[in-house]
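Position 334 of the sequence shown, counted from 1, bears residue number 333 in numbering that gives the first Met the number 0, the numbering being contiguous throughout.
Since the hints were derived computationally from the structure, they do not count as laboratory data.
Here the structure is a predicted model, which means the values were calculated and not measured.
Virtual Cβ for every residue (Gly too), placed ideally from N, Cα, C.
Hints should not be assumed to be uniformly reliable.
To be verified - What follows is a list of derived Cβ distance ranges for each label pair: (1) E309 / T105: 37 to 47 Å; (2) S297 / A149: 43 to 53 Å; (3) R198 / T339: 50 to 60 Å; (4) E315 / D155: 48 to 58 Å; (5) R302 / D322: 17 to 27 Å; (6) P141 / E2: 53 to 63 Å; (7) E309 / A16: 40 to 50 Å; (8) T51 / R198: 23 to 33 Å.
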Amino acid sequence: MVELPTELLAQADDAGAEIARFDADMGHEIAPFASVLLRSESAASSKIEHLTASARAIAEAELGVGTRNASLIVANQRAMTAALALADRIDAEAILAMHAALLHDTRAEITGQWRHEQGWIGGSDYGPHGAAFVPPHERHVPALIDDLVAFIGRNDIPVLAHAAIAHAQFETIHPFPDGNGRTGRALVHAQLRNKGLTRHVTVPVSAGLLADIDAYFAALSAYRAGDLIPIVERFGMASFSAIDNGRRLVEDLRTIRAEWNERIHARRNAHAWRVADLLVRHPVLNANLIATELDIASTNTYRVIEPLVEAGVLVEFTNKKRDRLWRAPDVLAAVDAFATRAGRRRVQAAQPEINRPH
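Working from the sequences, and respecting the hints, build out all of it.
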């Protein structure tokens, strides 16, 4: 039985309704914005784990030429994608698959299985003495995951509150040697999709949590002490701020794309316009990506993008004769601005006072 104050349940319901509204609003424009929101959420979730990279570095990593941190963020994007693909059946195998998508390229030896040794958070590397949290013994992990999966399968709890509690329990079980935070936040999106709160896009909840990481971790600690209220509060407030930030990003991208129509000089049916649309989703391009997306010969890509280069929409930055890369500075700046807003501690909109039971 999950018992939460009426005010908190109402707040969670309001946040859930706002998530559903945002998802519905984006539904008719899913092609331009679904991928950029997914990328932004993956970057925000990674930043909570102190993995940071610019929008440009992440876009480059998607083409196989990014930094290590950017490559790890792209791996987190794969985990998010796997979570959404597996949302119809959230079970132990699905959670293992999300974790494998995250760490297959860097720590394949720990994927496909639960942890086989005791772990802890904080303290020293030599033992759990002084640790901030010591998760359950490894022999209990499979049964605890089965219990969590059964809890996720319930339909008698408001969706956002349900996802917040399930996330806190997953982080408390801490079923893997590494990647628990990112996998756990991917699981949130699987649950939101599974319960029908989202259908089209990834709402950047992690970007909302970035507004006050200390409060997020404090809420997880409170949950482990038996208080469910802070983690549900935190997810509600994070959702409101994330959606506000996400709407600003989408509006920025719409404005940029509209301005390009004035700057680009090309025939009405020219491929250049399709590349302009592609840039909203992929702000760093190479010839192979352009050729694949437009279904043209790679030798024709330079001619196709010439109007965009002349307009300053695209900038070549590798100075190579082969394996050249182009970037869209306007789009990258908008995505970096989104990340900056997410990482800034902000005063949250006034929320109803929650009466905590004593």
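Kindly confirm whether 43 to 53 Å is satisfied by the beta carbon distance between S297 and A149.
-> Once the Cβ atoms are compared, 51 Å apart, the range 43 to 53 Å for A149 and S297 holds.
Is it true that E309 and A16 lie within 40 to 50 Å of each other by Cβ?
-> holds (46 Å)
Verdict for P141, E2 (Cβ pair) under range 53 to 63 Å = For E2 against P141, whose Cβ atoms are near 28 Å apart, the range 53 to 63 Å is violated.
R198 versus T339 beta-carbon gap, inside 50 to 60 Å or not = violated (29 Å)
Do the beta carbons of R302 and D322 sit within 17 to 27 Å of each other?
-> holds (18 Å)
CB of T51 to CB of R198, is that within 23 to 33 Å?
-> holds (30 Å)
Distance restraint evaluation - E309, T105, Cβ atoms, bounds 37 to 47 Å | Since the Cβ atoms of E309 and T105 sit about 41 Å apart, the hinted range of 37 to 47 Å holds.
Taking the CB of E315 and the CB of D155, does the distance hold inside 48 to 58 Å?
-> Once the Cβ atoms are compared, 56 Å apart, the range 48 to 58 Å for D155 and E315 holds.
Consistency with the previously given hints fails for numbers 3, 6, ordered from lowest to highest.
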